[in-house]
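Visitor: In case it helps, the numbering used here puts the sequence shown at residues -2 to 188.
Incorrect hints may appear among the rest.
To be verified - Straight-line Cα separation of at most 30 angstroms, DSSO-like style, residue types lysine-lysine; simulated pairs:
| # | residue 1 | residue 2 |
| --- | --- | --- |
| 1 | Lys136 | Lys49 |
| 2 | Lys116 | Lys92 |
| 3 | Lys136 | Lys74 |
What the hints contain is simulated information worked out from the structure, not anything from laboratory work.
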Amino acid sequence: MQVLTDLQSRGLEDMLIASVDNLTGFVDAIAAVYPQTDVQLCIVHQIRNSRKYLAHTDCKDFMADLKTIYQATTRDKAEHALNRLEQKWGRRYPKVIESWRRNWDNLTLMFTYSPMIRKVMYTTNSIEAFHRQLRKVTKTKGSFTSDTALMKLLFLVQRDVTSEWKKPMHNWNRILSQLAILYDDRLRLDL
């Protein structure tokens, strides 16, 4: 909540879509500060969390069945695939199925968008890769003389990492056009 209110106080007026891991309370915090935001839970995190509770011998088959859910073309087809998954694996892994059911609305939000937009929003991996770069630098330091020293180091790392981002996101112009149509009243483009 503190991070979100800080973003709001620094001028972030609106958030269209938030892709988040399933950190406890994060979805509720976003809804409290930015109530119009669509929140998509990271599919990759949900898969990893599910995998932790599977027997090694069942993992390959379960993951193949699970893939039919998140690679479905519509929410209805995904729900049908989840029902099949539950029929096949529900007795053996009820907690895993329960987790998918409990988070279903936020896991399947992506189906309301085109496949191009889905590709951008279904996972938080790109953000985590950036955080990994920051941790790599701070982890090797024993301590910092001040908060300012830490912030300066993080700024320099961020500058170096982002300077390598030379390629634009694949199909970004088309994605932006679709978002502008979907969020006509909330997305301001400089045209």
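Visitor: Against each hint, give a clear statement of whether it holds in the structure.
Guide: Hints, one by one, checked against the model:
1. Lys136 with Lys49: holds, 26 angstroms
2. Lys116 with Lys92: Holds, at roughly 28 angstroms.
3. Lys136 with Lys74: violated, 44 angstroms
Hint 3 alone, counting from the list given before, is not met by this structure.
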